[in-house]
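Student: Chains as they are written, first to last, in the numbering used here: chain A, 1 to 237; chain B, 238 to 770.
Just so you know, the hints here were simulated from the structure itself, not pulled from any lab data.
Errors might be hidden in some of the hints.
[Said to hold, decoys possible] Below are the DSS-like pairs computed for lysine-lysine, each with C-alpha atoms no more than 25 Å apart in a straight line:
(1) A/K106 with B/K269
(2) B/K269 with B/K533
(3) A/K206 with A/K220
(4) B/K630 with A/K106
(5) B/K533 with B/K703
(6) B/K629 with B/K533
(7) B/K630 with A/K93
(8) B/K629 with A/K67
(9) A/K15 with A/K206
(10) A/K14 with A/K206
(11) B/K533 with A/K93
(12) A/K93 with B/K518
(13) A/K67 with B/K760
(14) A/K67 with A/K15
(15) A/K106 with A/K67
(16) A/K106 with A/K93
(17) B/K629 with B/K760
(18) B/K269 with B/K760
(19) A/K106 with A/K181
(20) A/K172 with A/K220
(21) B/K533 with B/K464
(22) A/K206 with A/K181
(23) B/K630 with B/K760
(24) A/K93 with B/K760
(25) A/K67 with B/K630
Take a look at the letters that make up each chain.
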Amino acid sequence: MLSIQHLTKSYGSKKAVDDLSLTIRPGEIYAFIGHNGAGKTTTLKAVCGLLHFDSGEILIDGHSIEKEPLLCKQNLAYIPDNPDIYTFLSGIKYLNFICDVYGIPKGMREERIHRYSDLFELTGDLAQPISAYSHGMRQKLAIISALIHEPRLLIMDEPFVGLDPTASHLLKDLMRELCMKGGSIFFSTHVLEVAEKLCDKVAIIKQGRLLRSGSMEEVKGDSSLEDVFLELEEDHA
Amino acid sequence: MLKALIRVRFASLFSSMFRTKKTEAGMSTGKKVLFGILWIYVIAVLLFVFGALFFAFVPMLATELNWFFFALAGLLAFFFSFIGSIFVTQSQLFDATDNELLLSMPIPTYYILLSRMLLLLILNYVYEGLIFAPALFVYVLSGYATALGIILLIIAYLVLPLLTLSLSCLCGWLLAVISSRLRHKNIIQVVLMLVFFLGYFYFIQNSSDYLNSLIENGTAIAEAVEKAFPPFYFLGDAVANGNLLSFLWYFLFCLVPIIPVYWLLSRFFIRITTTKKGQKKIAYRRGELRVNSPMKALILRELRFFLSLPMYMMNSLVGVIFCILIPFFLISQQETFLPFLSLIGPSAADAAGILVAVMMIFCASTNIVTAPSISLEGNRLWLLRSLPVPSKKILLAKAALHCLVCIPFLLISTLVGCIALGSSLLSTILAVLFACAMTVLIALLGLIINLHMPKFDWLNETTCVKQSGSVMLTMFGGMGILVVPVLLYVFVLNFLPLIVYAYLCLALCVAGCVFSYFYLTHKGVVLFERLQG
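Starting from the given sequences, assemble the full structure and let the hints guide the process.
Tutor: Shown next as structure tokens:
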């Protein structure tokens with residue numbers, strides 16, 4: 001579903017991502033962990049076509065994000081670390097705008113909007129302007145808008161930040177549901193317990209370089225993910 | 238601590254003027270020079286306009302009403318500065334995004350307020366300097382100047398901004414309180430700005446009548462000023478007659494109000510800035526959702542964003558306001574224009590349409606909807622970029638909004654103007670085509686310039702709309718498009734029939750549109766895809 005090969009991206013003389021390679025198969029939930037400034041957001045943005053990179057290749061379902069960006073974007077959804085969405089629209093107008101852009105038929109969009117907004121308990125607030133939403137409500141709306149076109153690949157940057165425990169639990173269920181249908185998820189997180197329980201695979205990155213990746217069992221063995229992460233951080237300090 | 242706060246405010250001001258991208262250390266020397274030239278041009282025009290006004294009042298310096306010359310300078314400076322800073326005051330003092338962050342720190346509230354007020358004070362000094370400098374210049378040249386008068390006028394300039402600051406802070410507070418309690422505050426803000434704007438232009442249009450009646454009824458008006466605006470009477474009396482007691486009164490009028498205003502604002506600052514804006518919750522009712530094509534959805538998104546920012550609307554649709562006023566002006570001034578046009582002879586009907594076309598080109602050049610539209614995406618740029626829509630469509634949706642909000646008004650005004658002046662069919666068609674072509678050209682140019690000069694590190698949309706380089710460059714570029722062909726005809730190409738020359742210019746304008754379209758959809762798309770919001 002997602003293939004990243006030898007991805008390199010520099011900002012001036014600093015290499016944010018250095019020769020990174022990863023493969024995510026259909027049905028996998030892949031966690032991406034690393035310290036602040038390790039290159040996680042840069043990688044995720046490059047995968048979504050938001051950031052040009054210096055070298056390497058990113059394929060989504062066999063299509064290059066650089067050569068066929070629209071085809072790739074049609075199949076993926078991105079949730080950034082900060083839900084900066086259109087505060088001048090109401091929740092329902094924002095979701096309808098996203099549906100228009102993805103070309104979702106009328107009946108289907110109504111059903112999906114109401115399904116997800118009911119699940120996230122946001123239905124009553126859909127007529128409110130987004131400017132009146134709290135951080136958590138904006139995050140919920142960003143999640144709904146990402147799920148509404150049923151993406152095959154979901155890219156998320158710190159998706160649990162700002163969510164209440166119920167919404168966090170619901171998001172984990174929805175992530176599993178998407179993967180059961182053959183979709184894939186690639187997300188960054190600092191909550192290692194969540195990554196450990198939820199994910200099939202994990203990649204640990206430091207200063208742009210991949211330290212370790214593979215199935216959760218391969219990476220952590222008998223230890224906890226937290227112990228492995230801290231150990232790797234010390235070894236490569 | 239106060240020093241640090243002031244330093245941060247100045248760094249923010251400097252950054253808003255001279256930084257264009259997050260990643261750049263600063264603006265290139267070429268851009269700085271260009272910016273400098275633009276600012277010098279604007280300042281020179283204002284100094285010239287006010288200088289001419291004061292020259293008209295020089296004879297007054299020889300009469301008993303000599304004080305009125307300085308009172309007028311004070312009054313003009315006060316109102317010019319007040320109108321210029323009132324909306325900035327609201328956004329800088331009460332709507333600043335870093336208010337909550339600073340208030341959470343162990344910083345006394347009065348320090349935060351003081352650092353913000355100092356910035357506004359500097360803004361007031363700039364505004365008032367544009368009036369006082371030509372007044373002082375004219376006073377010195379008039380031959381009536383005294384050393385004491387000059388010194389008092391300079392001190393008067395130094396203390397007057399304090400009075401303006403007091404009033405604008407109070408009004409900014411009132412605006413913040415009112416707008417936080419209103420549901421349709423955008424509409425109300427637009428109406429308020431429109432009233433200000435129309436009032437201003439009504440005054441400008443009738444300024445010659447006012448000037449005449451001022452000269453004819455000088456004594457009566459001077460008495461009215463003396464009663465209604467005592468500080469300015471004291472200012473005039475002090476400078477003109479060297480009356481130090483009057484100057485002391487003026488000094489106190491300027492200095493005293495700032496003390497209670499500062500005390501009041503610092504006492505209520507936290508409450509004003511952190512009050513949860515109480516808005517009624519809008520109940521959501523499930524209904525049918527309207528399905529749009531991606532392009533229509535993008536244009537609607539642009540329109541909703543545009544309508545959500547009154548400051549953006551007012552700043553970018555100045556030409557639309559002008560073009561609504563022009564038909565009324567032409568109809569009311571038919572008696573002036575028709576005899577003048579008939580002097581031209583058989584081609585008068587052609588000239589009428591060309592005159593309307595020139596007016597409409599001017600209007601179209603002052604509509605700058607697209608010029609800040611890329612920058613205004615700010616932190617939300619990721620959303621547009623992540624959508625499965627070609628970048629070309631995103632850019633064209635922005636240009637389409639510009640055309641949609643401008644062309645209908647320009648078309649109606651052009652037709653009414655042409656009918657009012659009895660324009661020929663050929664020149665009416667020319668005026669209509671010119672109004673449309675110029676609007677399209679400015680829409681495309683604004684976008685192209687903004688793509689080259691994006692500005693994403695703004696704290697407040699007002700900064701982006703009012704202070705960005707792309708806005709200024711588009712506006713002055715648009716005016717250049719009007720001025721250059723006119724000058725070229727007057728001084729070089731006047732052997733050509735006017736209508737032929739006008740159609741040649743139209744052809745060039747259309748060619749400019751075609752070139753800009755291709756530039757935007759090729760190079761512009763590349764630039765857009767490399768942007769980082």
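Student: Now tell me if each hint is right for this structure.
Tutor: Taking the hints in turn, this is what the structure says about them:
1. Under the criterion of a C-alpha separation no larger than 25 Å, the hint pairing A/K106 with B/K269 is inconsistent with the structure, at around 51 Å.
2. Proposed proximity of B/K269 and B/K533 is contradicted: the alpha carbons are some 38 Å apart, above 25 Å.
3. Our distance criterion of 25 Å between C-alpha atoms is met by A/K206 and A/K220, whose separation comes to about 17 Å.
4. Restraint check for B/K630 and A/K106: satisfied, since their Cα atoms lie roughly 23 Å apart, inside the 25 Å limit.
5. At roughly 28 Å between alpha-carbon atoms, B/K533 and B/K703 are farther apart than 25 Å, so this suggested pair is violated.
6. With a C-alpha separation of about 14 Å, the suggested pairing of B/K629 with B/K533 holds against the 25 Å cut-off.
7. A C-alpha spacing of about 20 Å is found between B/K630 and A/K93, which places the hinted pair at or below 25 Å, so the restraint holds.
8. Taken as a hint, the B/K629 and A/K67 pair is honoured in the structure, with Cα atoms around 16 Å apart against an allowance of 25 Å.
9. For a cut-off of 25 Å, the pair hint linking A/K15 to A/K206 stands: about 11 Å separates their Cα positions.
10. A C-alpha spacing of about 13 Å is found between A/K14 and A/K206, which places the hinted pair at or below 25 Å, so the restraint holds.
11. Distance hint between B/K533 and A/K93 is fulfilled; the C-alpha atoms sit about 13 Å from each other, no more than 25 Å.
12. Taking the CA atoms of A/K93 and B/K518, the gap is about 16 Å. The hint holds against a cut of 25 Å.
13. Restraint check for A/K67 and B/K760: satisfied, since their Cα atoms lie roughly 17 Å apart, inside the 25 Å limit.
14. Under the criterion of a C-alpha separation no larger than 25 Å, the hint pairing A/K67 with A/K15 is consistent with the structure, at around 23 Å.
15. About 31 Å separates the Cα atoms of A/K106 and A/K67, which puts this hinted pair outside 25 Å; it is violated.
16. Note on A/K106 and A/K93: the hinted pairing holds, with a Cα-Cα distance of about 14 Å set against a maximum of 25 Å.
17. Of the supplied pair hints, the one linking B/K629 and B/K760 holds, its CA atoms being roughly 10 Å apart against a limit of 25 Å.
18. Taking the CA atoms of B/K269 and B/K760, the gap is about 24 Å. The hint holds against a cut of 25 Å.
19. For the suggested pair A/K106 and A/K181, the alpha carbons sit about 23 Å apart, so the restraint of at most 25 Å is met.
20. Between A/K172 and A/K220 the alpha-carbon distance is near 21 Å, which keeps this suggested pair within the 25 Å criterion.
21. With a C-alpha separation of about 58 Å, the suggested pairing of B/K533 with B/K464 is violated against the 25 Å cut-off.
22. Proximity of A/K206 to A/K181 is assessed by CA-CA distance (about 32 Å); at most 25 Å being required, the pair is judged violated.
23. The suggested pairing of B/K630 with B/K760 holds, with an alpha-carbon distance near 14 Å, which does not exceed 25 Å.
24. Of the pairs offered as hints, the one joining A/K93 and B/K760 is violated, with about 32 Å between alpha carbons and a cut-off of 25 Å exceeded.
25. This hinted pair checks out: A/K67 and B/K630 have alpha carbons roughly 18 Å apart, not beyond 25 Å.
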